[in-house]
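Q: Build out the structure end to end from the sequences listed, making use of the hints.
Chains A and B are the protein sequences, given in the same order. Counting the first sequence from 1 gives a position; this note's numbering is that position plus 270. Counting the second sequence from 1 gives a position; this note's numbering is that position plus 270.
Heads up, some of the hints might be wrong.
If chains are identical, the list can't say which one is meant, so a pair holds when it fits in one copy or spans any two.
Mimicking EDC-like on lysine to aspartate or glutamate, the simulated pairs with C-alpha atoms at most 20 Å apart in a straight line are [claimed, not checked]: (1) K396 <-> E451; (2) K369 <-> D401; (3) K450 <-> D424; (4) K421 <-> D457; (5) K398 <-> E451; (6) K396 <-> E416; (7) K369 <-> E290; (8) K323 <-> D304; (9) K340 <-> D424; (10) K450 <-> E403.
Calculated from the structure, these hints are not laboratory results.
Here are the chains, one letter per residue:
Number of protein chains: 2
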Amino acid sequence: MAVGRPRSFCKDQALDRALEVFWRKGFEGASICDLTEAMGINPPSLYSAFGNKEQLFRQALDRYAEVYAKRRREILAAPSAREAMEGLLRDAARSLTDKSRPVGCLYVQAIAGASEHAACIREMLKSKREDSEREIRDRLRRARAEGELPKEADPAALARYITTVAQGMSVQAAGGATRKELDRVVDLALGAWPA
Amino acid sequence: MAVGRPRSFCKDQALDRALEVFWRKGFEGASICDLTEAMGINPPSLYSAFGNKEQLFRQALDRYAEVYAKRRREILAAPSAREAMEGLLRDAARSLTDKSRPVGCLYVQAIAGASEHAACIREMLKSKREDSEREIRDRLRRARAEGELPKEADPAALARYITTVAQGMSVQAAGGATRKELDRVVDLALGAWPA
DNA sequence: CAAATAACGTAGTGAACGCTACATAAGTGC
DNA sequence: GCACTTATGTAGCGTTCACTACGTTATTTG
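A: In structure tokens, the structure reads:
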């Protein structure tokens, strides 16, 4: 065991609590006081375990991304791209309105005040949104190569379209849209599908 | 003329400057110092002319909404609903990426940290987004009544879909998407149209 | 020219922010 | 047991926040 006084809280659990606060209030909207209270620790413990507020956010974001990316990959593994895209949007309609968690997508909601002072936070979020769009694009490229999509289909544009709809759904969810309403949006969004 | 020392700045122009700051930085991200600097006045002048930060934001938002609603109504007056919807999204692709103004839509971008402390700001923005969605819905209801849209079309869902795409486009624009890229999204989004 | 009125610039206010110094407590290694 | 290491709680650091008290200046009214 490591030398010195042992940590009296579970780091993973504390990070989950911090994630929830950032998700609900955004980066700048979440104060250290909000965070320490939710995490059940005092400021020095937070700083010694996670560095500072920005580094804590980055770790919480990575944790969120890990969970989110895992589910995305499972859905993208569907036999057809059409099913994969519908799966992504249906899952978004469900998870964005899940009452047991903050509404909306962290990637969109956390863009808090986002003054120049938080520019690197915006960059982190943008990078995560791009990761997601890239994976969708790759799946669509494969579908075109396999003949599911016509040769003239544009995987990059289609991926951007799906991503755009999902991001819009996050704004809608934050504004109070229900899962049923978002599912109707998904119906219409998929009506545009080339196949 | 009113008695007393006359105001040494143009209130409308100062409000425009404040709007630009809020648009770029969000409500909480815009400090009074940022605002007074951009407006070319000192804090006491701001408070005496506009009340406080929240009231200033409300007035700036109303000004933005006025301009935005006027253009929306012009576009919705197009002969067909199909043309109106395409017009809305094409105009969004253009204005969201207009380099002479902050990127994105104020209704989406200004949702600053949005802690409970700024709840009424969120409500203001949500209300404006709903105004827009309602007008689109009304136009689509008319189109259905006039026979342009089939009887089984759902104007409320279609309006929500168009709004969702536009809001997603705002997130995309804030992340650096170009007008051309957004126009490709519009192409795909309109492929879903019932007619 | 007063008196009244209202905006002005200076220079702050108290509160909340992110963050940390410091003494103490709780473990390990010898 | 004793030195060493690391986490903890208290208490407070300097900075920035939204906002304002106050004396001054510019204008209208009579």
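Q: Next, verify each hint and record whether it holds.
A: Going through the hints against the structure:
1. Taking the closest pair of Cα atoms, K396 and E451 come within 20 Å of each other only across two copies (16 Å); inside a single copy the shortest separation is 27 Å, beyond that limit.
2. Taking the shortest alpha-carbon separations for K369 and D401, neither the intra-copy value of 26 Å nor the inter-copy value of 26 Å comes in at or below 20 Å.
3. For the homomeric pair K450 and D424, the shortest alpha-carbon distance between copies (14 Å) is at most 20 Å, but the shortest distance inside one copy (30 Å) is not.
4. Taking CA atoms no more than 20 Å apart as the test, K421 paired with D457 passes between copies only; the shortest distance there is 17 Å, against 25 Å inside one copy.
5. In this homomeric assembly, K398 and E451 come within 20 Å of each other (Cα to Cα) only across copies, at 19 Å, whereas the closest approach inside a single copy is 26 Å.
6. For the homomeric pair K396 and E416, neither the shortest alpha-carbon distance inside one copy (30 Å) nor that between copies (43 Å) is at most 20 Å.
7. Taking CA atoms no more than 20 Å apart as the test, K369 paired with E290 passes inside one copy only; the shortest distance there is 13 Å, against 35 Å between copies.
8. For a Cα distance limit of 20 Å, the shortest separation of K323 from D304 inside one copy, 12 Å, qualifies, whereas the shortest one across copies, 24 Å, does not.
9. Proximity of K340 to D424 under the C-alpha cut-off of 20 Å is found in neither arrangement, the shortest distances being 25 Å within a copy and 35 Å between copies.
10. Taking the closest pair of Cα atoms, K450 and E403 come within 20 Å of each other only across two copies (17 Å); inside a single copy the shortest separation is 25 Å, beyond that limit.
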